[in-house]
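Whenever a hint applies, use it, and build me the whole structure from the sequences.
In order, the protein sequences belong to chains H and X.
Taking our numbering, the leading residue of the first sequence gets 1, the next gets one more, and so forth.
Taking our numbering, the leading residue of the second sequence gets 1001, the next gets one more, and so forth.
One or more hints might be untrue.
Said to hold, decoys possible - Restraint ranges, calculated between C-beta atoms of paired labels, are given here:
1. X:1148 / H:139: 55 to 65 Å
2. X:1264 / H:449: 25 to 35 Å
3. X:1059 / H:87: 48 to 58 Å
4. H:77 / X:1257: 51 to 61 Å
5. X:1094 / H:52: 35 to 45 Å
6. H:139 / X:1054: 41 to 51 Å
7. X:1052 / H:435: 50 to 60 Å
8. X:1094 / H:91: 22 to 32 Å
9. H:204 / X:1176: 21 to 31 Å
10. X:1176 / H:191: 41 to 51 Å
11. X:1059 / H:91: 29 to 39 Å
Claimed, not checked - Rough simulated footprint, nothing fancy, chain H against chain X, three-plus residues with beta-carbon under 8 Å:
12. 1071-1085
13. 1160-1166
14. 1270-1284
Worth flagging that the hints you see were computed from the coordinates, not collected in a lab.
Values in this document were obtained by computation on a predicted structure and should not be read as measured data.
For glycine and all other residues, C-beta sits at the position ideal for the given N, C-alpha and C.
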Amino acid sequence: MATSPRRPHRRAVRFAVAATAAAGVFAMSGCAPGAAAPTATQNTDVSTELTSEDVTLTIADETGFPVTDELTAEFTRQHPNVTFDVTRDTFANLTANAPKLLASNDPPDLIRLPTIGDTVRDGLLANLDPYYDAYGWDAWPDSQLAPLRMSEDGVRGSGSLYQLGLGYSITGIFMNEAIAAELGIDEAPQTIAELEEDLATAKDAGVVPIVAGDKDGVVNFVVQAAMNQYADKDEFLSWMFNEPDATYDTPGNVEGAELIEKWAKAGYFEADINAVDYFTFVTRFSEGGGLFAFNGNWEAANYQSALGDDVSFFLVPPAEQGGDHVAMGAANSFSVAAGSDNMDEIVYFLNWIHTDETARQIVVDVTGASPGGDPSLEQPTVEAGSLIEQALAMAAQIGEENGQVDFMANTTAGIYSGSIIPESQLLVTGEITGQEFVERVQAFYESEIGG
Amino acid sequence: MSSPSLDARPSAARDAGADGPILSVRPTRRVAARATARRAALTGWILLLPALAAYIGFVIWPLIQGVQYSFYDWNGIGLAEWVGVQNYVTVFTDPVLLGSILNAFILIVFFTVIPVTVGLVLATLIRSIRAGVFSSAAQTILFLPQIIPLAAAGIAWSWMYSQTGTINQILGWIGLEGITRSWLADYATALPAVGLIGSWVLTGLCTVLLLTGIGKIDTALYEAIRLDGAGWWREFFTITVPGLRQEIVVLVTLTVIAALSSFDIIYTSTQGGPGRSTLVPGISIFRIGFTQSDVGLASAFGIVLMVLVLAVVLPIQRLSKAND
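Here's what the structure looks like:
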């Protein structure tokens, strides 16, 4: 009697042992998963002439980015033999799936790719250097293309060109002019100290000083804006570009984070900030929910249509009166797949976006972003006095002052969701100090870069 | 096992020894029987093949691959590097990952204890009311949350939990403005709040399953205990709960697994925040594997999670058989 119930048990144990052993042998047999990167075949034989044959180009883009629809439609209108197949997925899904899409047998010709990550090392992206020479992109501002380059050591900021932007964004502060007038604020703050005075004025009057959300991390526009004014710009950039030994834990970054800590404790953010996502954040400011919102040119058209003339857009002021401005800005970066069958055609399309008059107008009209490219080209026309006009002027000013920095969320593939968002949630509710915030993000950075 | 009993004899010995004489007496019948048995076995295996192939292809093989990946540093695309048990060391030393495991265990209270307890009480109550429109309406309403995808439940509840959401409105009506807050933004209430979404979804399942279980209990038992003068509580603990032991074990197993491997409710409501107060292993594994592209560490954490689930669930199974 005792043997029968024990038998299946023993069999199960034997099976488990065998399975584990098999897995162990398999694991240690040295047949490591993955494949070595294909040796880069430099495509030096590039053409800047558009084919006359029928061709369909595939683009993998994020949802809610309508500019690719309008650009592709216009391109097909001008060149009927070229049609497009645009597939869309949410930003988070696309980012997570990008390496696998690029490594597939039939990769999209063009893909929205916010962080290059390991894709260059794995040989998944087309090196655009031959086209850079062929099309004469050396006339474009270096600062615009630097974040789109990566060296052989995997450091961004220099090396070969792997991406181009469909519009180059700029960030700043949107101010609700109607609320400002009620509070007696009649002009944009010129220094951080003046900004703080305005925040205190709003708080005292029972107005939300800064409309922000941090369920999905958008408050980091405020966090980084504060850091930008105190940090050494090049040092900060070297960290975002993953240069060896670069650190986030610098006195300037700590000072910026401590400013946010101070604002959190002063009640300048709303109590439910960590439950507010990007959409709610935009809606709240559009409905007159507070004095300031830190955001980018891409919302300029939306805010304008919601608030009419009662909204202005300006650069985050420097710490000292008369100091240079520093602002986050980045290309809406797209990469060409190394496995693309239509490389000449897709790069022709990218070049066209930067040079064709209609295309540049579309980029400005739809995204409110600067179209980039050769600064000597005629700028698209925009409505006088509009937020988009202000945004283009801000982008030009940042270009002149050489004050553009990348978004710290683009530093590594995992740092935003893995560290910056959860730690900033703690920072903007006063749960940790600015020093702790900086140390924790740096610790995560080291584990990700080192691991 | 030191003294071999008859039925534990090695089959080889049986074939060689005892079967020999029988075989010589009635060889044809024996051979025919064996052939039939062999054919039956073969048919069995053939019938089993599709399911077995699917199981091996989609469960066993990925599991073995997962074990293999867990010993490598691999981004999912490029060449992997052998790192031994380093990934497992990270899982057991990283306070963030350990914290997410702790959160998953706290969720058992909301995914298992509350739904099973409430389900037991509701099932008993529904049994006691006469079968009719009200009873079936009650069952339908209770089961409704079960047909809503968990992801949708997470989104809907995050609206209700917001500063201006339904929960705070109701609290306002009954004079409790003092405790209103954005429930998912508050460090102390976020985990219980997402846990209660799970309770809401799973209570219906528990009630309906327990109700069918109650239907199978011999009504004579209820009559007998009532004749003995027992009240509701006595009846509940003496007849209903023991009679439902199998159902309860099934539900506890299902809901504990749901708690430990939860993902969708949290992904759509808080994404692990605020801070890391609602971070669970499912979210961590997803981020590490797909956002950070650290397939090795994600696999190791996945294997650890699987072992944890088994370690919790297997003793529960044993419990159900112990008194049979």
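Results for each hint:
{"no.": "1", "hint": "X:1148 / H:139: 55 to 65 Å", "verdict": "holds, 57 Å"}
{"no.": "2", "hint": "X:1264 / H:449: 25 to 35 Å", "verdict": "holds, 31 Å"}
{"no.": "3", "hint": "X:1059 / H:87: 48 to 58 Å", "verdict": "violated, 30 Å"}
{"no.": "4", "hint": "H:77 / X:1257: 51 to 61 Å", "verdict": "holds, 55 Å"}
{"no.": "5", "hint": "X:1094 / H:52: 35 to 45 Å", "verdict": "violated, 58 Å"}
{"no.": "6", "hint": "H:139 / X:1054: 41 to 51 Å", "verdict": "violated, 59 Å"}
{"no.": "7", "hint": "X:1052 / H:435: 50 to 60 Å", "verdict": "holds, 58 Å"}
{"no.": "8", "hint": "X:1094 / H:91: 22 to 32 Å", "verdict": "holds, 27 Å"}
{"no.": "9", "hint": "H:204 / X:1176: 21 to 31 Å", "verdict": "holds, 29 Å"}
{"no.": "10", "hint": "X:1176 / H:191: 41 to 51 Å", "verdict": "holds, 45 Å"}
{"no.": "11", "hint": "X:1059 / H:91: 29 to 39 Å", "verdict": "holds, 32 Å"}
{"no.": "12", "hint": "1071-1085", "verdict": "holds (count 12)"}
{"no.": "13", "hint": "1160-1166", "verdict": "holds (count 3)"}
{"no.": "14", "hint": "1270-1284", "verdict": "holds (count 8)"}
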